[in-house]
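Trainee: Chain by chain, the residues run as shown.
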Amino acid sequence: DTAVSQTPKYLVTQMGNDKSIKCEQNLGHDTMYWYKQDSKKFLKIMFSYNNKELIINETVPNRFSPKSPDKAHLNLHINSLELGDSAVYFCASSKRGRSGTEAFFGQGTRLTVV
Amino acid sequence: GESVGLHLPTLSVQEGDNSIINCAYSNSASDYFIWYKQESGKGPQFIIDIRSNMDKRQGQRVTVLLNKTVKHLSLQIAATQPGDSAVYFCAERAGFGNEKLTFGTGTRLTIIP
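Protein chains in written order, with our numbering: chain A, 360 to 473; chain B, 275 to 387.
Simulated from the structure, these hints should not be mistaken for laboratory data. Positions of the beta carbon are idealized from the N, C-alpha and C atoms, including for glycine. It cannot be assumed that every hint is accurate.
As the list claims (entries may be wrong) - Restraint-style ranges between C-beta atoms, simulated for each label pair:
1. B:Gln332 / A:His436: 40 to 48 Å
2. A:Asn385 / B:Lys316: 12 to 20 Å
3. B:Ile386 / A:His432: 39 to 47 Å
Claimed, not checked - Keeping only pairs whose Cα atoms sit at most 30 Å apart, straight-line, the calculated DSS-like set for lysine-lysine is:
4. B:Lys345 / A:Lys426
5. A:Lys368 / B:Lys342
6. A:Lys411 / A:Lys430
Unchecked claim - Which residues of chain B face chain A? A partial, calculated answer using Cβ under 7 Å:
7. Lys316
8. Gly317
9. Pro318
10. Lys345
11. Val361
12. Phe377
13. Thr379
Using the sequences and the hints given, assemble the complete structure.
Mentor: In structure tokens, the structure reads:
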């Protein structure tokens, strides 16, 4: 009964390749996020979607393109991968409109670019 | 810019003792704060939250204190257990309706048996 699930858990790929990470949530939330965690454990938001609409787009290279086919899914596609893209990527979801924004996180996808 | 920072990057505590993890934030408009726990190889897990109209909130073995005057947040864990060993993050939301959570740099808590 995984609430927020993302695949794959590990991804090793060569520079220049294109890859996708998928995320699904079964919590009935209407807002989903992608976060990037670097080697120093720093967590930074990349994107947020609410009901399939992009609402947060931090300063992220346009090689990163999120896609939300429906409000339960938010995928992340990365073109022309670079060494600096190596990190752990976390998907999260929350229910907008509540006075708090408790986000539930997936288990993460460890991306290694070689 | 807005930032959320922690005073101590690492903290070691004897099992059974209490621990306090501190967090400083700079955005006075932040109205909601969360503490997350991240165990090795896992995603951040919600521990406790607090809204800016409160200064204290208690959960099971955890207490969060908020001091808006000095923009300081702390997480107290009572009677620590080995399972409390993890990286702890504070996060802030910059005002109602703003979905963005800004995370602090994290504190690694190690419980010594």
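Trainee: If a hint holds in the structure, say so; if it does not, say that too.
Mentor: Hint check:
{"no.": "1", "hint": "B:Gln332 / A:His436: 40 to 48 Å", "in the structure": "holds (43 Å)"}
{"no.": "2", "hint": "A:Asn385 / B:Lys316: 12 to 20 Å", "in the structure": "holds (18 Å)"}
{"no.": "3", "hint": "B:Ile386 / A:His432: 39 to 47 Å", "in the structure": "holds (43 Å)"}
{"no.": "4", "hint": "B:Lys345 / A:Lys426", "in the structure": "violated (36 Å)"}
{"no.": "5", "hint": "A:Lys368 / B:Lys342", "in the structure": "violated (39 Å)"}
{"no.": "6", "hint": "A:Lys411 / A:Lys430", "in the structure": "holds (5 Å)"}
{"no.": "7", "hint": "Lys316", "in the structure": "holds (6 Å)"}
{"no.": "8", "hint": "Gly317", "in the structure": "holds (3 Å)"}
{"no.": "9", "hint": "Pro318", "in the structure": "holds (5 Å)"}
{"no.": "10", "hint": "Lys345", "in the structure": "violated (19 Å)"}
{"no.": "11", "hint": "Val361", "in the structure": "holds (6 Å)"}
{"no.": "12", "hint": "Phe377", "in the structure": "holds (4 Å)"}
{"no.": "13", "hint": "Thr379", "in the structure": "holds (6 Å)"}
In the structure shown, a violation is registered for the earlier hints numbered 4, 5 and 10, in ascending order.
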